[in-house]
Amino acid sequence: MEVGWSRLVAAAAMCAALYAVGSFSTAYIVSPFGRGQFRPAVVIPAAFALVFGPTAAAVGAALGTLIADSVKHGTLYIPSLVAAVPGNFVGFYLFGKMLEGDFTWDRYVVASQLSLAVGCSMVAFLYVPTVWALGALPPDLSPAELLLLAVGLTVWFFSTEYPFMLILGPPIVSALSAVSPRLRERALDGGPSWLRAMVAPGLVLVALALALFSGASQPVVEALAVKLSKEYASATMALMRLMFLGTGLGMTAVGLLLWRRGG
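If you count by our numbering, then the sequence shown holds residues 4 to 266, one letter each, in order.
Where hints are given, some of them may not hold.
[To be verified] Cβ pair distances, simulated, as ranges:
| hint | residue 1 | residue 2 | range |
| --- | --- | --- | --- |
| 1 | Leu149 | Ser28 | 27 to 33 Å |
| 2 | Leu242 | Gly77 | 26 to 32 Å |
| 3 | Ile32 | Arg264 | 26 to 32 Å |
| 4 | Ala13 | Gly37 | 17 to 23 Å |
| 5 | Ser145 | Gly37 | 17 to 23 Å |
The hints are simulated quantities; they were obtained by calculation from the structure and are not laboratory data.
Glycine included, each C-beta is placed from N, C-alpha and C at the ideal position.
Please model the complete structure; the sequences and the hints are all you need to start from.
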């Protein structure tokens, strides 16, 4: 869909404003690591990508996340500028670009998975060294522990955002079908294949959890939990297990249930 510059600027500004409000509303719900926000508001730039294309969504998401993080911290938040801005820009640009042209639910699922995987990992792997360099993490964290923290935040971001992209996808497409002809014929299709959409990534998360919390990886996980919060290390460990294993099992179970009901 061709979008003029004036509409593009207006769409990006509206996306940024809505995404900032949506992100800030859940900004104080964080991961078991004490960092990394719960952000179901990712559906907002995703919706803009479907109607206005990748550029409006990418610019809006980048500005919106910077606004939300800076308001939360009371100043221009450097880790957001370094990590969240490029991660959100690249992730939602990729999402919108992959869905240009004919819309299908298979393409929507693949675009959601790939764009979130790329965007979330960019944010996490840029954020961790940035906050460590700024002195906001324990200085004695080893490279292996920093790597584990980045991986953990990637999983947290993906596993708390991806289900909203899927569950809210069909109603969003249905609502947008009135203004986007290319979505109209798919609005009544019911949604994606839940086996591919949720069961497959859920099983990947389960496998990752089993790898991290058994064998050679477990001492690194335990050391990270102690260094991040010595007083609450056991609680941190329990929450980390729940985040990895619980999310994977939950996604798998919900996907199977939806598939049995006709998906």
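Evaluated hints:
A hinted range of 27 to 33 Å for the beta carbons of Leu149 and Ser28 is consistent with their spacing of about 30 Å. The beta-carbon spacing between Leu242 and Gly77, approximately 27 Å, falls within the hinted interval of 26 to 32 Å. As the Cβ distance of Ile32 to Arg264 is approximately 29 Å, the hint placing it in 26 to 32 Å holds. The beta-carbon spacing between Ala13 and Gly37, approximately 38 Å, falls outside the hinted interval of 17 to 23 Å.
For Ser145 and Gly37, the hinted distance range of 17 to 23 Å is satisfied, since their beta carbons lie about 18 Å from each other.
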